[in-house]
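Each of the two chains sits in its own frame; use the hints to bring them together as a complex.
Taken in sequence, the protein lines are chains W and G. Going by numbering that gives the first Met the number 0, the letters in the first sequence line up with residues 0 to 278, in that order. Going by numbering that gives the first Met the number 0, the letters in the second sequence line up with residues 0 to 406, in that order.
Since the hints were derived computationally from the structure, they do not count as laboratory data. A couple of the hints might just be wrong.
What the hints assert, rightly or not - What follows is a list of derived Cβ distance ranges for each label pair:
{"id": "1", "chain 1": "G", "residue 1": "PHE43", "chain 2": "W", "residue 2": "GLU3", "range": "55 to 63 Å"}
{"id": "2", "chain 1": "W", "residue 1": "ILE203", "chain 2": "G", "residue 2": "ASP132", "range": "50 to 58 Å"}
{"id": "3", "chain 1": "G", "residue 1": "ASP145", "chain 2": "W", "residue 2": "PRO253", "range": "47 to 55 Å"}
{"id": "4", "chain 1": "W", "residue 1": "ILE203", "chain 2": "G", "residue 2": "PRO2", "range": "55 to 63 Å"}
{"id": "5", "chain 1": "W", "residue 1": "SER262", "chain 2": "G", "residue 2": "GLU372", "range": "47 to 55 Å"}
{"id": "6", "chain 1": "G", "residue 1": "GLY321", "chain 2": "W", "residue 2": "ILE132", "range": "56 to 64 Å"}
Stated by the list, open to error - Below, in silico cross-link-like pairs of lysine-lysine (DSBU-like), each with a Cα-Cα straight-line distance of 35 Å or less:
{"id": "7", "chain 1": "G", "residue 1": "LYS226", "chain 2": "G", "residue 2": "LYS371"}
{"id": "8", "chain 1": "W", "residue 1": "LYS35", "chain 2": "G", "residue 2": "LYS149"}
{"id": "9", "chain 1": "G", "residue 1": "LYS149", "chain 2": "G", "residue 2": "LYS128"}
{"id": "10", "chain 1": "W", "residue 1": "LYS39", "chain 2": "G", "residue 2": "LYS130"}
Virtual Cβ for every residue (Gly too), placed ideally from N, Cα, C.
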Amino acid sequence: MYKEIVIKPLNSLTTGWKEIWQYRELLYFFAWKEVKVRYKQAFLGVIWTVLQPLAMMLIFVLIFSKGLGLYTGAIPAPLYYLCGLLIWNLFNQSITGAANSMVGNANIIKKIYFPRLIIPLSAILTASFDFVISLLILIVFGLYYSLKMQLDFEVLPLIVSFGYAYLITVVLAFGIGTLLSAINVKYRDVRYALPFFVQSLFFITPVMFDNESLNTSFLRVVLALNPLHHAISAVRNTLESGYLNLSSISWTMPFILLIIAISGLFVFRKTEAYFADIV
Amino acid sequence: MKPTIDIQGVWKAYNIGADRKYKSIRDTFIQLPELFRGYKQETFWALQDINFSVAPGESVGIIGRNGAGKSTLLKILSRITPPTKGEVTLRGRVASLLEVGTGFHPELTGRENIFFNGSILGMHYAEIKSKFDEIVDFSSVADFIDTPIKHFSSGMQLRLAFSVAAHLDAEILLIDEILTVGDAEFQKKCIGKMDSISKGQGRSIVFVSHNLSQVKQLTTKSLLIDKGIQQSIGPTDEMIHLYHENILNQQWKLFDKERNQSEDVEFNNCTFLDKAYRPLSQFETGQPVHVLIEIQNNTGKKLENVLAGLLFRNIQGSPMTGFSSNVHGLKLDLDIGENRIICSIDKFPLSPGYYTYNLILTKGSLTYNWMKEAGTIHVVHGFFFETGEIPSPGLNTVLVEQKWKKV
Chain W
0 MYKEIVIKPL
10 NSLTTGWKEI
20 WQYRELLYFF
30 AWKEVKVRYK
40 QAFLGVIWTV
50 LQPLAMMLIF
60 VLIFSKGLGL
70 YTGAIPAPLY
80 YLCGLLIWNL
90 FNQSITGAAN
100 SMVGNANIIK
110 KIYFPRLIIP
120 LSAILTASFD
130 FVISLLILIV
140 FGLYYSLKMQ
150 LDFEVLPLIV
160 SFGYAYLITV
170 VLAFGIGTLL
180 SAINVKYRDV
190 RYALPFFVQS
200 LFFITPVMFD
210 NESLNTSFLR
220 VVLALNPLHH
230 AISAVRNTLE
240 SGYLNLSSIS
250 WTMPFILLII
260 AISGLFVFRK
270 TEAYFADIV
Chain G
0 MKPTIDIQGV
10 WKAYNIGADR
20 KYKSIRDTFI
30 QLPELFRGYK
40 QETFWALQDI
50 NFSVAPGESV
60 GIIGRNGAGK
70 STLLKILSRI
80 TPPTKGEVTL
90 RGRVASLLEV
100 GTGFHPELTG
110 RENIFFNGSI
120 LGMHYAEIKS
130 KFDEIVDFSS
140 VADFIDTPIK
150 HFSSGMQLRL
160 AFSVAAHLDA
170 EILLIDEILT
180 VGDAEFQKKC
190 IGKMDSISKG
200 QGRSIVFVSH
210 NLSQVKQLTT
220 KSLLIDKGIQ
230 QSIGPTDEMI
240 HLYHENILNQ
250 QWKLFDKERN
260 QSEDVEFNNC
270 TFLDKAYRPL
280 SQFETGQPVH
290 VLIEIQNNTG
300 KKLENVLAGL
310 LFRNIQGSPM
320 TGFSSNVHGL
330 KLDLDIGENR
340 IICSIDKFPL
350 SPGYYTYNLI
360 LTKGSLTYNW
370 MKEAGTIHVV
380 HGFFFETGEI
390 PSPGLNTVLV
400 EQKWKKV
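Here chain G stands alone, though its shape is the one from the complex (with noise of 0.2 Å):
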């Protein structure tokens, strides 16, 4: 049997740089001399050289970190954007969620918004009829139908919108991390839909997400993607292996001094210490932790009053939780030559795993040094909580002192 998706050699091109999100014809008219002078764009490869086929029935993951490419492969399947090279081959009906509630309009009502957001999602008006009980049935808001959906709260218009998606007779299904809102229950009940749409009625799915342990639940073979370059594909349980691993790998270090950003105001080192000032190279969730900063200032006259930051991101490249000097009122001021400043953690509060930090030193609006990615750091099991407990385990969260009690 030919596969439903076959992807062979695409690549895709962005032109960065000169062209702005919207232009003037002004601004064409300006950039006209440089065009003259053999002025040429920037161009950014999103993707380069993905090869793969998903067969019927298959669900694939695509992961990867942000800005891998995930997204822009997912529109290229969808024909949302063309590829720049190589060619896509789709056999079947295409159904792609990559934002559920597409085209949903505030004044229209539930039952309206059923009828066009079905519509563009490609079911004919028959079809989109004989399934509207369904349809309403899974959403739960059968109640409110025939009410203009900006009095909908957003979970329902959520749960409306992924019913209708639900419910699309479609060969292939593309979705886009959409299932990462909503409550719990609904996400259940989400994952369980797509499951049984996969497994039981044969049909094949692309999924994107960050949170793995979605792609791992619904899908069995992954592709993993960097920086737009296909690294692997095979069993996810695999990629999502690899996919830690090479992320470790390729910044595995606690303090990277390449990653500067300017020259004038550097940042010589980051260390992490515990309670007694001893280098950590691994810590526990919950231990005192001291971080020392060391600055060079190279502009040859004191700084004063400056903003020192520090910013933990998780490997998926969300914002976790920041260091900020300032929060207890502090005048820092940078001598001429090295600087060095300490910021102390009673209770360090990321959940095991790994993060990534960035170092920052501003002062009002100008930004003297933002390292982005300056260095990795290993988080592993501790007592946070006197009883080594950790809420939502495995998903890389911060952690926040709680008292429980029955009243």
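Pulled out of the complex, with its shape left as it was, chain W reads as follows (with noise of 0.2 Å):
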């Protein structure tokens, strides 16, 4: 009928992944309002969304490929740069949004009781929606090439390469989402450095260039270690060769990913009780 729930001093440290699937329903309440009010009172709205990365886009069209000459392999430049801008935008958007999340909220994490996680899972799930969207534009000009141009997409491979890119880099935002926004509550630091930190980490990000690019075998090296370059690799490679291409994955990946989304967690877990009295 009931069940019982004890308040203790410490909880132990459970995931809690039990309490947030009964608490669902909220995450998409919390979503859905961060979607609702973003774009209120702004004349243009949602085409917002599709507007920003296919500006970006035109912009490194015009720079790198017919500017600077780069090459980018049998992928026309859009589609090229559209794969790593959307991947990026979707990383950059769950972790800001994340680790602003908790302050953000503060007034209600105050007054309600409910599992903080929702808080930075939200952010995550309204930049996917965006990400959704601005797929859109990928479609579009895919489906301009292909008709226009005659290049034969494999749509299948593509789809599942996307769901591919797009759990590394959710993995990958939830770890250092959840471990800004805890470190946030406490340090007010983090507005400042995020900024800073996410332009560094767009640098050691083949958005603009891929891999193969770089001759400098260090700079291979830390590429590698970044999960969002398999991402966007992952992407990538499939519209380049046709089938479903993970070749650039290397062994330490899914060991990096693992070890920032259960750091993260850990941090979050720990500190989240006492949200409330420092926040």
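Have a look at this one:
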């Protein structure tokens, strides 16, 4: 009939997935609210979600392929840059949203109990929504190239590779996002460090280039350690070869992902009980 | 039957002093040497060994002064903050209303906010949907339900928020002073609704409020706490009585010199005199009062152009009214040694009840002495108005001269 809740000083360290499952509707409602509220009073509304990556892609095409003459392989330049940009945006929005989410929802945290993990998770869910919407640009460009230029794309491998890239990105963003959001509750330094951190990451993520175009082996190693590199490469390789091509994956990647995700979760769970006292 | 809420030996500590509200990493580094030297943060016990239980269908009030730990206890019960020691067992779904309208977003419409707020409070989508009409009906904002609530009046927002909360299907309701806002009619409706929830539907309610008459109306049993320590638990009437007595026993002093905050400029005494300058120990509402304040200047120099102030608070701790030496432009200089000043009040404006007062002596931003709860006064019934009528008796309010006529 009812369940017994025991409130004790320090909760044992569980992941609490069961409770989050119970509160799954709240997770959805948080993300839904974010999406609803974001473009209120904006004339262009949701179009912004599409406009931003589109404009960025055009700039990349103009500067890197037309201006600097960088070769993008068999993939048309707009598609090449879009793949990188969409995945990067998903990551960037997820961690930025998650890092600020706890502080941004301080008034709710101080008044109502629910599993705190819902909040950074909802930031990732919101970013995922944008990701799906902006995939439309990719589809439009893809259709254009296949109809006008008679380029063939294998749809199923592409969908699988995107799903795979999405998973890597989201797990990585979950680890970093939960970690940053927990730290941000106590140390507001996160707010100032975050843009710098994101910008630095951007340079070791192959959005504008790929691994082969680097001629320093040190940089190649750094890149190989970055899970986002694998996500973007998987999509690009599949696009280029026409079959599901995950050849870029290194065996270290799952470990790196796991370590980051678990340490983020650990720090978050360890400190969440006292969020209301210090936020 | 097992109690729905079982609180066993709950303690809660906060670190104060060194721990600022938010820190930067720099602050932590600055404090490092102190940490190594065995520097200790001061611990403040907000709650000490609280034990009580609430049976199904029972409503319990928590009463105590400001800072007694009432809200901390409620926060622990609603799982917002964990206890430092002890254990609480809750048997049933909990709905906590520490603030109505938590998470209301101004850009969302009334309808959208009902869904979002309801879901934060722990309702499922299907549940909100099935109760939607009832909620809207109770709030009586049906005409504006699809308007962003930033266009709502604050009263409308409050009504909507309460309606959502009132329709929660929880075995345990935790309520913090939410009814002190909103118009009287709606307050009555809220109290009525909560009363029917506890009595009619057998839910347990824990209610915290400064408004003792609301506590009395809604609860049968109460917990009295002071400075984090459980004083007593029992029938609400008795607890309210005890609460009044406690407060009076503790500080039933017209003037307590120990409460001086500074030795440089000290308040030696504060006496209340009638119109013939005879001392009073209790006085009537509306009677003329002279307040004689004696100040000892130990600084060794004359203090020029200072400001003396007197502030009355009711026993719940809310400021009622203040008196200040500069209102008519008095240039107050304090000579070395003893000084006496008088504040004359033609008609004492506080309604019957007990009040504490603060004495303040400042100059610009510099505070010489701020004596909190310098003493307690007892005001009895009197003739502020010639009829002897007191508007809203029992609420410890300030009376204002008024004239009524039919036009």
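Right, here's what the structure says about each hint:
no.: 1; hint: G/PHE43 x W/GLU3: 55 to 63 Å; verdict: violated, 31 Å
no.: 2; hint: W/ILE203 x G/ASP132: 50 to 58 Å; verdict: holds, 55 Å
no.: 3; hint: G/ASP145 x W/PRO253: 47 to 55 Å; verdict: holds, 49 Å
no.: 4; hint: W/ILE203 x G/PRO2: 55 to 63 Å; verdict: holds, 58 Å
no.: 5; hint: W/SER262 x G/GLU372: 47 to 55 Å; verdict: holds, 50 Å
no.: 6; hint: G/GLY321 x W/ILE132: 56 to 64 Å; verdict: holds, 58 Å
no.: 7; hint: G/LYS226 x G/LYS371; verdict: holds, 16 Å
no.: 8; hint: W/LYS35 x G/LYS149; verdict: holds, 15 Å
no.: 9; hint: G/LYS149 x G/LYS128; verdict: holds, 23 Å
no.: 10; hint: W/LYS39 x G/LYS130; verdict: holds, 27 Å
Of the hints listed earlier, the one the structure fails to meet is number 1.
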